[in-house]
Amino acid sequence: MLVTRFDACRHPARRRGYTLVELLCIFVIASVLLAAGTPGFLRLLRQHRLSAAVNDFHAALLVARSEALRRGVRVDVVAADGGWRAGWMVLVDSNRNGRADPGEEIIRQHGALPGDMSVSASLADMSAAYLGYSPAGRSSSYAGGAQFGLWTFACGDVRRKLILNFYGRARSCNPDGDKANC
1 MLVTRFDACR HPARRRGYTL VELLCIFVIA SVLLAAGTPG FLRLLRQHRL
51 SAAVNDFHAA LLVARSEALR RGVRVDVVAA DGGWRAGWMV LVDSNRNGRA
101 DPGEEIIRQH GALPGDMSVS ASLADMSAAY LGYSPAGRSS SYAGGAQFGL
151 WTFACGDVRR KLILNFYGRA RSCNPDGDKA NC
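Be aware that the sequence shown starts at 1, since it is given in UniProt numbering, and climbs by one per residue.
Among the clues, some could well be false.
Label pairs and their computed distance ranges (CB to CB) [said to hold, decoys possible]:
1) Leu-69 / Ala-124: 19 to 29 Å
2) Glu-105 / Leu-34: 42 to 52 Å
3) Gly-98 / Lys-179: 17 to 27 Å
4) Tyr-167 / Gly-115: 30 to 40 Å
5) Gly-156 / Glu-104: 35 to 45 Å
6) Leu-42 / Gly-72: 40 to 50 Å
7) Leu-44 / Thr-152: 12 to 22 Å
8) Arg-108 / Glu-22: 51 to 61 Å
9) Asp-56 / Cys-182: 42 to 52 Å
What the hints contain is simulated information worked out from the structure, not anything from laboratory work. Even glycine gets a Cβ: it sits at the ideal position worked out from N, Cα and C.
The task is simple: from the sequences and hints, build the whole structure.
The structure is reproduced here in structure tokens:
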């Protein structure tokens with residue numbers, strides 16, 4: 001008795017790849033997941049960029065204070081031309097005009113913030129965009145009084161504040177999450 005196997009008929013050559021229906025299903029599922037995750041990811045990205053900017057500014061204040069103590073001279077943090085959003089400099093502003101002139105030493109400089117970020121300041125002396133530290137490490141205005149207040153950094157709906165107390169110590173906080181202390 002002769003038995004012939006017809007396995008080739010039962011199992012045609014295996015196809016490789018995906019069908020159009022399978023690809024469309026994968027595309028729809030990926031689109032739904034992406035649409036659900038994008039707003040949260042964008043907010044997380046804004047929070048990270050904003051925290052980085054506030055930390056950079058806070059570091060500039062710490063450098064200015066420590067350099068004033070170390071050198072025994074007044075050291076200022078001044079806004080770049082165009083305001084705080086355009087950047088800032090830590091410098092020994094010997095003529096107290098709020099900008100870097102020839103011969104004045106720039107200790108540290110920070111470039112402009114991203115286009116969707118804003119900075120506003122509310123300080124005791126708003127005559128110019130600056131903050132000075134005396135040789136004793138206290139914040140002071142050009143007139144000699146205490147310089148204190150706050151800076152508000154914003155990126156979309158995300159905000160952070162940097163608060164400077166009467167003695168020149170700075171701290172950052174989240175006004176949306178910590179309303180009692182901010």
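Right, here's what the structure says about each hint:
Taking the beta carbon of each, Leu-69 and Ala-124 are about 21 Å apart, inside 19 to 29 Å as hinted. Roughly 50 Å separates the CB atoms of Glu-105 and Leu-34, a value that falls within the hinted 42 to 52 Å. Under the hint 17 to 27 Å, the C-beta atoms of Gly-98 and Lys-179, about 33 Å apart, miss the expected range. A beta carbon spacing of about 35 Å between Tyr-167 and Gly-115 agrees with the range 30 to 40 Å that was offered as a hint.
Gly-156 and Glu-104 have their C-beta atoms about 36 Å apart, which keeps the hinted 35 to 45 Å range intact. At roughly 47 Å, the beta-carbon separation of Leu-42 and Gly-72 lies within the given 40 to 50 Å, and the hint holds. Roughly 20 Å separates the CB atoms of Leu-44 and Thr-152, a value that falls within the hinted 12 to 22 Å. The hinted window of 51 to 61 Å between Arg-108 and Glu-22 holds, with their beta carbons roughly 57 Å apart.
For the hinted restraint 42 to 52 Å between Asp-56 and Cys-182, the CB-CB distance of approximately 19 Å leaves it violated.
Of the numbered hints given earlier, the model fails hints 3, 9; all others are met.
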